[in-house]
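Participant: Next come the chains, spelled out residue by residue.
Protein chains: 2
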Amino acid sequence: MGEKIQVKVEASNRHVHLSRHDADVLFGEGYEFGVHKELSQPGQFSAQDRITLVCEDRKIENVRVLGPFRDESQVEISRTDAFNLKLNVPLKHSGDLEGSPGITLVGPKGRVKLDRGVIISHRHLHASEDEAGRLGLKHGDLVNLRVPSIKEIIFNNVMVRVSSDYKLAFHIDFDDANACFFEEGILAELV
Amino acid sequence: MGEKIQVKVEASNRHVHLSRHDADVLFGEGYEFGVHKELSQPGQFSAQDRITLVCEDRKIENVRVLGPFRDESQVEISRTDAFNLKLNVPLKHSGDLEGSPGITLVGPKGRVKLDRGVIISHRHLHASEDEAGRLGLKHGDLVNLRVPSIKEIIFNNVMVRVSSDYKLAFHIDFDDANACFFEEGILAELV
Numbered sequence: 001m002g003e004k005i006q007v008k009v010e011a012s013n014r015h016v017h018l019s020r021h022d023a024d025v026l027f028g029e030g031y032e033f034g035v036h037k038e039l040s041q042p043g044q045f046s047a048q049d050r051i052t053l054v055c056e057d058r059k060i061e062n063v064r065v066l067g068p069f070r071d072e073s074q075v076e077i078s079r080t081d082a083f084n085l086k087l088n089v090p091l092k093h094s095g096d097l098e099g100s101p102g103i104t105l106v107g108p109k110g111r112v113k114l115d116r117g118v119i120i121s122h123r124h125l126h127a128s129e130d131e132a133g134r135l136g137l138k139h140g141d142l143v144n145l146r147v148p149s150i151k152e153i154i155f156n157n158v159m160v161r162v163s164s165d166y167k168l169a170f171h172i173d174f175d176d177a178n179a180c181f182f183e184e185g186i187l188a189e190l191v
Numbered sequence: 001m002g003e004k005i006q007v008k009v010e011a012s013n014r015h016v017h018l019s020r021h022d023a024d025v026l027f028g029e030g031y032e033f034g035v036h037k038e039l040s041q042p043g044q045f046s047a048q049d050r051i052t053l054v055c056e057d058r059k060i061e062n063v064r065v066l067g068p069f070r071d072e073s074q075v076e077i078s079r080t081d082a083f084n085l086k087l088n089v090p091l092k093h094s095g096d097l098e099g100s101p102g103i104t105l106v107g108p109k110g111r112v113k114l115d116r117g118v119i120i121s122h123r124h125l126h127a128s129e130d131e132a133g134r135l136g137l138k139h140g141d142l143v144n145l146r147v148p149s150i151k152e153i154i155f156n157n158v159m160v161r162v163s164s165d166y167k168l169a170f171h172i173d174f175d176d177a178n179a180c181f182f183e184e185g186i187l188a189e190l191v
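Going line by line, the protein sequences match chains F and Z. With my numbering, the residue at position 185 of the first sequence is 185, and numbering never jumps. With my numbering, the residue at position 119 of the second sequence is 119, and numbering never jumps.
For reference, chain F alone in the conformation it holds in the complex (with noise of 0.2 Å):
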């Protein structure tokens, strides 16, 4: 079956990307956010900043701001948070917001209700051109992949998203994350 594919794989906990709109009423008009850590994709980077998410009765305080700014924010969540929001919120891929449901964004200069943007990112496997073309994969191909560890799992139906923008690596959730005992540097492979 030729030589075994590894993949880097990379846990994403809660966070928000930002539409220069929102930021500026959560930050204040203008503010640029300083950069905690440069991210694996190119370009991406998670910022010091934080806010909170507020729902009803219930928040998750210190939420990670990632930048750099979308045409649209977008709330990315796992179900367990789901489940203490008690919020419905559906699996989706990054960028498709339609039927979500909103939430409050409350940051150090004010607040935005957002009507919709709050979803559980579904997993999935990072590619530049470059890389798919080498492992015979194409954007939208669905591949398993295995994480070792003392609670192996084998992630099926993973979509692959190629772009010039990307680079290889396997993001999950923090509830995958936990189910799978993930720990920083793990390699998946392609099964």
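Everything labelled a hint here was simulated from the structure, so no lab data went into it. None of the hints are false.
Put simply, identical chains are the same to the list, so a pair is met inside one copy or across any two.
DSSO-like mimics (lysine-lysine), calculated; alpha carbons at most 27 Å apart, straight line:
(1) Lys167 x Lys4
(2) Lys37 x Lys86
(3) Lys86 x Lys8
(4) Lys92 x Lys167
Keeping the supplied structure of chain F fixed, place chain Z upon it in accordance with the hints.
Facilitator: Here is chain Z on its own, set in the frame of chain F:
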């Protein structure tokens, strides 16, 4: 490959099993637990009563007590809970408390400081001797179980636990449940 073998999946939220002694301290001498729900495993039940787990400045409230009494108290939490409590908790099979950390239990009548007993309970497949025989499985076998869903997972290396006290069911914790979008009534398939 013969017929498809399907197994009921049950998701266990965090809970505690108590010794008679610890129950006396937490709820009062000779206290008997009211049954909230009979569980699938014969004789096991969730009680109406709940306690609080306290670990330094962190706590988790409303943790369900399970009956009947055990020789030694045991606290089963998810990895998400362990991170929230900032407690280093090993993955163990129920009953193996060697090297597990302690925690403080708080009930309506008192508190108990356990020296050990907190575990992340490993996934397992319960089966009676008859059921195991019919499936060609024996106690201690490792099997792989696929849970079909929009976030499909194959759980690898699930230990088979056979006893005349058991009934066929695949037990997972809430990290696993949320990772695979568990819904009541879902069936896993032996692969």
